[in-house]
Amino acid sequence: MKVKKLSLLFMLMVALMWFFVACGDADEETTTDNGEDSGETSDENVTYHYFIGGSGRDVHTNETVIGEIFEEQTGVNFQVEYLVGDLNERIGVMLAGGTYPDVVVGAGTEDMLVDAGAFIPLNDLLEEHGPNILEMYGEYLDRFTYPDGNIYYIPFGAEINEYQPMANIDQGAFWIQRGVLKEYDYPEVKTLDEYFDLITRYADENPEIDGMTTVPFTGIGHDTNFFRISNAPNHLAGYPNDGGIMIDMETHEASVYADSEHAKRYLEKLNELNAEGYLDQEMFVMNNDDYLAKLSSGRVLGFFDYGWAFGDARNALQEANDPDKEFMALPIVFDEDIKDQYIDPPAFVQNRGTGITVNAENPERIIQYWDNMVKEENQRLIMWGIEGEHYEVNDEGRYYRTEEQIELVRPQSFQEEFGMTTFSWDWPRINGTFSDGNSIEPRRQPEVATLEYREGDREYLDAYGIDTFSEIFSLPDDRPWYPAWSANIAPGSDADIFEENSDQLLKRHYPRIVLADPSSFEAEWDTFVEAYRSLNVDAYEEFFTRTVEERLNGNWQFGEE
Amino acid sequence: MSLLRRLAGKRRGIDDLIFDSVNILLMLILVVVMLYPMLNTLAISLNDATDTVRGGLHILPRSFTTHNYTHVFNEAQVIRAGITSVLRTVVGTGLGVFASAMVAYTISRPHFILKRFTTLAFVLTMYMNAGLIPTYLLNRELGLIGSFWVYILPTLIGVFNLIVIRSFIEGLPETIFESARMDGAGEFVQFFKIALPLAVPVIATVSLFVAVGQWNQWFDVFIYNSSIPELSTLQYELMKVLQSTNTSGGGAADSFADSLGGQVEMVTPQSVRAAMTVVVSVPIIMVYPFLQKYFVKGLTLGGVKG
Amino acid sequence: MAQPVNPIEVKERIKYKGKHKVNLQRPKKGPKYFFRKCKEQKELLWMSVPFLIWLFIFKYLPLGGWVMAFQNFRPARGFLDQEWAGFDNFRFLFGSERFLEIMRNTLAMSIINLVLGFVTAVTLAVLLNELRNITFKRVVQTISYMPHFLSWVVVAGLVSTALSMDDGIINTVLLNLGIIDTPVMWLGVGHYFWGIIGASDVWKSVGWNSIIYLAAMTMIDQEQYEAAEIDGASRMQRIWYITLPGIKPVVVILLIMNIGYILESGFEAQYLLMNSMNMDFAENLDIYVLRYGISMANFSLATAAGMFKTIISFIFLFGANKIAEKLGEARLF
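Chains as they are written, first to last, in our numbering: chain A, 1 to 561; chain B, 562 to 867; chain C, 868 to 1200.
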């Protein structure tokens, strides 16, 4: 009786819900009013709503110096909104409700947006209003043209002219406390064994640093960061960060490395270190704050990590004014004969970008704006600022910054007010060098980097006979498929689920393997391999092999169906 | 006889003394344990962000600065968002508690024909979640998106609060209502003149719950009104500041996106979060002591009965 | 034949007959009786029906969206244009080889939190209620619920610092007391995880949860205490025979409601304190759904999990209510 009534009620609800939804879909479409004037060649100022699925500080572009200049040039300005909560939820309701902002930077949800018909095709608009974009993105255009022949969004950072490596390492590396190098007279450290020998020797001689127990080797794998532990073997074997797979340079075959000999060799080494008491067991337990605190304490001798990931600790160490306690990145590999590939090859991430939605009126105004900003002089404005104010040009035509200018440009507040923060990413832009040979990004210009070095830094640069810290790293080899991780993995697809499963498995087993008694290392390792192989590894590898193959043939849109 | 009484009295006295001493001691320990996190947060919020990264901060800042607060307040929106927050808290609490109390009154009436139906209808919703998208679509159909009322209407009655109020009204002696009815009072009169005044302690409690819930809410702003600055709330603005401070961490994918020329001026998520916690929680913590006067023992019942 | 129109009489009958209550109110005597009642009680109906309509619109209508549990839902399409998936989403959920482990963790943490939460909050409320100095009482109470205003990120940060191996307060204290010889990696041992979560939860919410019981205590008739004091009852006796019975109805009602939340073991605390070494004990249903549902934009899976939770909740809710009824305690409905 009760059940019957309840189910009747439920059915009624479902019916009503559908009624609502069915009625709702009809009268949707373009309800927001942005361009007040729908005239063809309107010069009137319009405001568009620009949603970015990443983090940042909301701005109105014309409240920044650069944004004001661009508004004068084009009559367009943007209300920029960054993501606050969960991206999938936000995009989910956007798609369900059809309530799109005018421009959306999908940050990984581009496929969903295209699939939902949220983005308008840009081909004709680019043809008509985007000559500079077409020129700058030139050879890359194919990479983000969809199989249906349309371009739905514009990725960021098309590499033009020459590739410029970073002056400092912001990518993966084995880091070492500089004092250790100094102690042993700046030795060349190349292999993993040499690296650990140095660290353990120093730890033996200095069991305490500033009254605290020395931490010879640590790391971090908290939350979604386990790759900061598990990627190391890949780099040690001489591969760049292609994701969870290595791509063979000859056969272009993709293979996972989580259960490879490389991984085993690295974990065995960690296992040894642990048995001898040199490994920080908390590396599998710490959260990011604890980790940063540990690094900043000056008692950590070495660790593997990505440079961009521990900037806060680096700043804390710099502020402490003890240059010997800071860390230096080393291109460590397994064996002498392996060429290190820590530095990222030029990477064009074709499956992320900014697109115009069906809600935008007069989309050509947006294209015109983008086209204008991607010009070299405007890119220079965004990246470098104004000549004479924020940078200088020397007699050879090289850009540099004086010490005052470095100080002027450094604060976050300045970069925000000027508009550098806003426009330097998530908008169409270029990478590499300007046509006059200067780096597009100041941080890649050696002249800027060298000026930023302090006394303590120079000591080490001189000792190793280099100008910038990235010089001891090999330049990246040509990998025309790079980065493989930008493969089109649809959310919830088999590859996506494999990645999640594999991450879980690694998290669960790696600590056990490393912390095991050396006598049971092999057994733990075998257990892991068995569990890992029970996942659908082959399909995953095949997918990437195929992706690389397609990319080499010029098809960057290959994806799982 | 009198000796016995005295002894008994004395014994009770010692018991009392021990009880009180132990109790006070426990409470003092509690104070330390419960105050520590807040003081620690306060210390972090007043400490140089870079220095905080080193860890080891307890209840006093090591390198004093107000920069974290200026960073948080640097947003011009904070004042306007604060007003919206206050508005939604006041309106949401007022309407919500009133509605809850009214429904609670009806389902506390033993003779009410829809008593069980209403109670069950409300209670079951506590355990059913339609999910984000259907809810969003509903609110869109109702024209609530982009409106202030999306903060108020969908969460008007909290079932937990409803039930709590009901239990209290049920706890009131039925004789009071009976005598009112004798005097010809209808249900509305009984609700306003008897139930509400007598349930003041629970109304105060529930108001606190609703107010804190409204004040801390940011998710509905995010889903429904994130592109409308006029309807942004303090919590949401602060979430934005926090989110935009997330420099390290994040995915490897966009790594090369951040920072232009080397290092930048420091605020860390940790210190911004601390400042933000203080900014948000101090006003609402201050509300409680004002409510506490409604918790005086037996205030209401004694009055009526006497 | 005459119906008891006098509400007092009804109440009396309910009191003595207990479960016949429903029969008294249900239109056993047909719709005519029902409508007559409605007319009599139109004031009460005016007070409740508008909110029942509100409830229906805002809480029941969107449940139509549950159909997506049986679809491969893509947000851009209407509910009727979806690809049907049958029970695939449920199969994915229950078919996971770790499903049992996840359920074990969910239930264990939920029960620990439930029991610990109730006992500590009631105890705290009682102790606060016994404080004689009003100012001290108010100060202690205000301080006791302060952690409620800290986000889990902050609390989890403090917990993990306190449990740290090299200078964490817990290890330091235990070492000094000689209870342990070497520092323990608390967060690195799966077996400690549930306890850590329970303790953290108490730390964060005991003060806040006790507010409701303090409010309940204000409703206890002061004369009872005075009478008991004259009879020579000790403090403990007064607590046992007056205070606790006085708040029992509220405790029971809250208990029933919370038993319904048996699969809600919390999410943020687990997520933040979880790491690769304790994950076997940390991963609960919500975290699993986040991983394979929300973060993969799989709204269907999340909905299926939600439906599963609802069913379990109902079973526990009705069960608990029934037991309360059998024991003669206050019932939720």
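One should not assume that every hint holds.
As the list claims (entries may be wrong) - Once the Cα atoms are required to be at most 20 Å apart in a straight line, the calculated SDA-like pairs of lysine to any residue come out as:
#, chain 1, residue 1, chain 2, residue 2
1, C, K909, B, N584
2, C, K899, C, F918
3, A, K182, A, P323
4, B, K754, C, W913
5, B, K854, C, L998
6, A, K264, A, T191
7, C, K1193, C, A1100
8, C, K1115, B, E731
9, A, K264, A, R512
10, C, K909, B, F753
11, C, K1004, C, Y1059
12, C, K1004, B, E731
13, A, K190, A, E253
14, C, K1004, B, N584
15, B, K854, C, T1009
16, C, K906, B, N584
Claimed, not checked - Derived, one-sided and incomplete: chain B residues facing chain A with beta-carbon distance under 10 Å:
#, residue
17, L587
18, T627
19, Q831
These are computed hints drawn from the structure, not numbers from a lab. Where is the CB? At the ideal position from N, CA and C, for every residue including glycine.
- prompt: When you check the alpha-carbon spacing of K1004 (chain C) and E731 (chain B), does it fall within 20 Å?
  reply: Violated - the C-alpha atoms of E731 (chain B) and K1004 (chain C) are around 28 Å apart, more than 20 Å.
- prompt: Within 20 Å, alpha carbon to alpha carbon, are K190 (chain A) and E253 (chain A)?
  reply: This hinted pair is violated, its Cα atoms lying about 27 Å apart.
field: Given pair status - P323 (chain A), K182 (chain A), alpha carbons within 20 Å
entry: Cα-Cα ~11 Å, so holds.
message: Would the hint linking K909 (chain C) and F753 (chain B) be met if the CA-CA limit is 20 Å?
response: Within the cut-off at roughly 17 Å; holds.
query: Between K264 (chain A) and T191 (chain A), is the straight-line Cα distance small enough, at 20 Å or below?
result: holds, 16 Å
Straight-line alpha-carbon gap K1193 (chain C) to A1100 (chain C), limit 20 Å: violated, 31 Å
- prompt: Does the nearest C-beta of chain A fall within a distance shorter than 10 Å of the C-beta of Q831 (chain B)?
  reply: Holds, because the Cβ-Cβ distance from Q831 (chain B) to chain A comes to roughly 6 Å (cut-off 10 Å).
- request: Given the hint that K1115 (chain C) pairs with E731 (chain B), test it: the Cα-Cα distance must not exceed 20 Å.
  value: holds, 13 Å
task: Would you mind confirming whether the straight-line C-alpha gap from K854 (chain B) to L998 (chain C) stays at or under 20 Å?
output: It holds: about 16 Å lies between the C-alpha atoms, which stays within 20 Å.
query: When you check the alpha-carbon spacing of K906 (chain C) and N584 (chain B), does it fall within 20 Å?
result: The given pair, whose Cα atoms are some 55 Å apart, is violated under the 20 Å limit.
- prompt: Is the hint on T627 (chain B) kept, meaning its closest Cβ partner in chain A is under 10 Å away?
  reply: violated, 15 Å
field: Restraint check for K1004 (chain C) with Y1059 (chain C), where alpha carbons must lie at most 20 Å apart
entry: violated, 34 Å
Hints 1, 2, 7, 11, 12, 13, 16, 17 and 18, counting from the list given before, are not met by this structure.
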